[in-house]
Amino acid sequence: MEIEDFDFELPEELIAQTPLKDRASSRLMKLNRDKRTITHHHFYDIVDLLHAGDCLVLNDTKVLPARLYGIKEDTDAKVEILLLKQIENDDWEVLAKPAKKIQEGTQISFGNGKLTATCIEIKEHGGRILRFNYQGIFYEVLDQLGEMPLPPYIKEQLKEKDRYQTVYAKEQGSAAAPPTAGLHFTEELLEKLKQKGGIEIAFITLHVGIGTFRPVRVDNIQEHEMHAEFYQMTQKTADQLNAVKNRGEIVLYP
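So for the sequence shown, the working numbering puts the first residue at 4; every next one is plus one.
For the record, the hints were derived by calculation from the structure and aren't laboratory data. Honestly, I wouldn't trust all of these hints.
[As the list claims (entries may be wrong)] Distance windows between CB atoms, simulated:
id : residue 1 : residue 2 : range
1  : Leu34     : Asp242    : 25 to 31 Å
2  : Gly114    : Pro257    : 42 to 48 Å
3  : Val219    : His43     : 29 to 35 Å
4  : Gln160    : Val50     : 32 to 38 Å
5  : Asn136    : Phe233    : 21 to 27 Å
6  : His43     : Phe216    : 25 to 31 Å
7  : Glu7      : Gly139    : 46 to 52 Å
8  : Asp242    : Leu17     : 40 to 46 Å
9  : Gly139    : Phe11     : 29 to 35 Å
10 : Gly116    : Phe233    : 47 to 53 Å
[Unchecked claim] With a straight-line cut-off of 25 Å between C-alpha atoms, the simulated SDA-like cross-links for lysine to any residue are:
id : residue 1 : residue 2
11 : Lys173    : Glu91
12 : Lys104    : Pro155
13 : Lys199    : His54
14 : Lys104    : Gly130
15 : Lys199    : Asp25
16 : Lys88     : Phe141
17 : Lys65     : Glu16
18 : Lys248    : Leu31
19 : Lys126    : Thr215
20 : Lys164    : Glu16
21 : Lys65     : Thr208
22 : Lys117    : Asp94
23 : Lys195    : Ala27
24 : Lys195    : Gly176
25 : Lys173    : Gly129
26 : Lys158    : Asp51
27 : Lys88     : Ile132
28 : Lys126    : Asp93
29 : Lys33     : His43
30 : Lys100    : Asp77
31 : Lys197    : Asp51
32 : Lys81     : Thr121
Everything numeric in this text was worked out from a predicted model, so none of it was measured. Just so you know, even glycine gets a beta-carbon here, dropped at the ideal spot from N, CA and C.
Please put together the full structure from these sequences, using the hints given.
Next up, the structure:
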């Protein structure tokens with residue numbers, strides 16, 4: 004398969020720049036593979052589209068406010084940092100812009116010194132390893148200083164950070180995006196699914212990485228090397244999903 008086989012037209016005016024007031028009011032398309040039919044709905048109709056015995060699998064990853072703006076302590080030059088993943092303790096792999104300004108030993112200050120970092124390693128692919136210094140709890144400091152890592156096609160500034168989280172987000176770790184289909188669930192909608200009876204809900208954790216937005220740089224899609232992402236699933240959940248599939252019921256991964 005060639006990369007051009009996946010080309011399609013997407014008018015800019017159809018790319019939503021701000022979230023709907025009601026998450027569940029977004030549009031939903033249902034494709035019936037057996038009948039080869041398409042029907043159009045709203046997301047809140049999912050309560051009627053799922054049936055007893057079906058299982059809804061939700062990713063409880065929580066998006067980090069992973070974009071930081073700081074200055075080099077020696078020159079006051081502005082730099083932008085995007086956290087990718089925690090290596091250990093206070094060491095993080097990051098993307099830096101402009102990368103050439105961040106060399107081993109470079110010190111960076113964020114938020115008037117509330118958070119500082121030292122570059123301790125340069126990675127082969129151009130990333131950096133930063134060692135952070137701070138007072139208190141890292142994620143609380145990050146929540147004060149960081150911005151949500153919105154995709155490049157979203158131009159509007161996000162006013163409320165929680166609109167870029169699912170209502171069931173729990174496990175800190177996604178550096179690039181939430182499980183976007185899950186953004187349309189509300190507490191009320193999940194409660195209706197539970198009250199309907201017979202619909203199972205299972206949770207897994209998969210932290211979405213920067214590879215989500217990295218371009219494919221090969222002509223043959225089969226030569227594209229996918230990046231690795233952290234995931235976690237309990238044995239109990241695995242057994243639950245296998246049981247649903249063995250019954251021939253639907254396992255839905257939004």
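Structure versus earlier hints, numbers of those that do not hold, lowest first: 2, 9, 10, 17, 24, 25 and 26
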